[in-house]
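Just so you know, we're using our numbering here: the sequence shown kicks off at 332 and counts up by one.
Hints were generated in silico from the structure; no laboratory data involved. One should not assume that every hint holds.
To be verified - For each label pair, taking beta carbons as the anchor points, the in silico distance ranges come out as:
hint, residue 1, residue 2, range
1, G555, E417, 39 to 49 Å
2, G555, W851, 51 to 61 Å
3, V549, I766, 43 to 53 Å
4, E417, A485, 12 to 22 Å
5, A759, L824, 29 to 39 Å
These figures come from a predicted structure and were not determined experimentally. Ideal Cβ positions, reconstructed from N, Cα and C, are used throughout, including at glycine.
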Amino acid sequence: MKKNGLWRRWLAAVLALAFSCLAVAQTPGDGSEETRWFPVDSLNAGLDEPPESVKRMTPRQAIRSFQALTEEEDFAAAAHLLDLSELTPAEQRQRGAELARQLAEVLKRGEWLKVSDLSGRQDAAIEDPSGQHPQAGKPRRNLKLASLTVEGDAYDIRLGRYRVGNEAPVWMVMPDSVSSVPLLYERYGPSWLEEYIPRRFKASFGVLKIWEWIAIPVFLLSVGLVGWGTYSLVGVATRWLPAGAPSIFAGRIRGPAALIVVSLATQILLDYVVSFSAVATTSFRVLLIAILAWGAGTIALRLVDTLMLRMMQRLMGQIDDTKPKDERRLLTTLYALRRLIILVTVTAVSIYVLSQIQLFETLGLSLLASASVLAVLVGIAGQAILGNILSSFQLSLAKSIRIGDLVMFDGQWCYVEGIFYTFIRLRAWNERRLIVPVTYFVSKPFENLSVKSTKEYRSLELTLHLSADIGCLRDKFLAYAKEEDSVIEHHKLCCYVTGQTETAQTIVCYLMTSDPFAGWIAEMNVRERLMAFIRDHHPEWWPRGVMVISHDDIARGEGPEQPPGNDAGSPR
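Can you build the whole structure from these sequences, using the hints too?
Below, the structure written as structure tokens:
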């Protein structure tokens, strides 16, 4: 009995495991019908049987067949590629051909559709040899053809895979997309101007129609005249504006303003006057967005440049550390803002253009999106450039140096004239310009003489005879130093003997000055006046050489007799 009970329990466990495996095998998502197609009872019951020219086995075949039928104006046959299930059978017969014609026009003008990019598999599974795509190898029962916008709302045109009973599945435009075709046709359909174009010019010639090859040059000439007019008008306004920053700013934005007007005028013409094929329209719109963004960024950059010019005029043309710290800080911030505007404009335009032309899909997203490949590309090709750019932003944000600061770099006095993306421009004391890479500048120690205050404690050194009267010399130094305009904090003036030898003494005078360059001039002036005083009134204070003939103390009269006329210890 125990053996029979044990055997029964083992049999129940095996059966339960088998049933659980079957249940797992039947779950959706593992190739079941629910994930491979939409099961329906019928397709387009109001239409006749589809002709042989209608091919619907794969997404690529379906769209290619739809385009071929609409080019031949066989819209009744093309209607078999639309799922008209939301219409009654009578409405399907009445409106099917018209909806196919409208959808064909929308696809021609709305978005550049590349049929070769669509899947050629019946199950539309994504083929990715690298295996990086998360949906690689999984069948799909719907996919997006295009996404169009009308008054800020997005409408997708999607293909769906349908199966009636045991028939072969077919690909058709889904009902939701079909219902939005009239609305999309109002926005992307042919313009009123095309009604007057002769029928023979509407035939296709390459990627465009014949009339488009004629209209596009005329279109470009028209918007070019609008741009030229804007350029001239801004030039006239420049002469009317008062001299100074307003006229300079207006003169520098003539080109960008003309391009912005051209972009807006072109957009208006494309929206309300003429409608080209998707190839031309997509190219125009990408170019217009790039021009508009570049023009707006350039105008903003010109505004910052004008403000910088006005600041430099307020600084009297020479940028140095004698100017107020707030003005130099503002000028440094404007330089950083200028670089930020350039970086944001270039990045935004580049990202938008690349997203529109789908460059990454063309070259292989799996290759370029690889973190290792991007790391190698950036590390090798852009290391120096990116390092300089990041270092320049670091300097501008940290304010370790500002425009107009006086720095000691490589042993030279230099004023910071500009902080750019990849280099710093320094003005040396002799009016030479040093162009220093940013990374090289920040990697070497430098002395910023203007980081806190421009004042500097300076000293001058004199070597005089031991007989020089230090009290008299100190009084003269104090008098001369107080007469210098750049000498400040007179209570810190001092003069001391700092060293002596057997023949001379070293005298050092200290003075506080308002800024390093003016302090250098004050030091030279005081030194010259002290030397002139000594030369004119006490020439005996100059140091002189002494030759010792005897080390005996002649003051005590104990030395040997000397020849007549020769005193021991007398200077020679």
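Inset, instruction - Using the beta carbons of G555 and W851, state whether their distance is inside 51 to 61 Å or not. - result: For W851 against G555, whose Cβ atoms are near 59 Å apart, the range 51 to 61 Å holds.
Legend entry - Distance restraint hint 29 to 39 Å, applied to the beta-carbon atoms of A759 and L824: 31 Å, holds
Legend entry - G555 versus E417 beta-carbon gap, inside 39 to 49 Å or not: 47 Å, holds
Inset, instruction - Take a look at whether the Cβ-Cβ distance between V549 and I766 falls inside 43 to 53 Å. - result: 49 Å, holds
Inset, instruction - Could you see if the CB distance from E417 to A485 stays within 12 to 22 Å? - result: 20 Å, holds
Comparing the model with each earlier hint shows no violations; every hint is respected.
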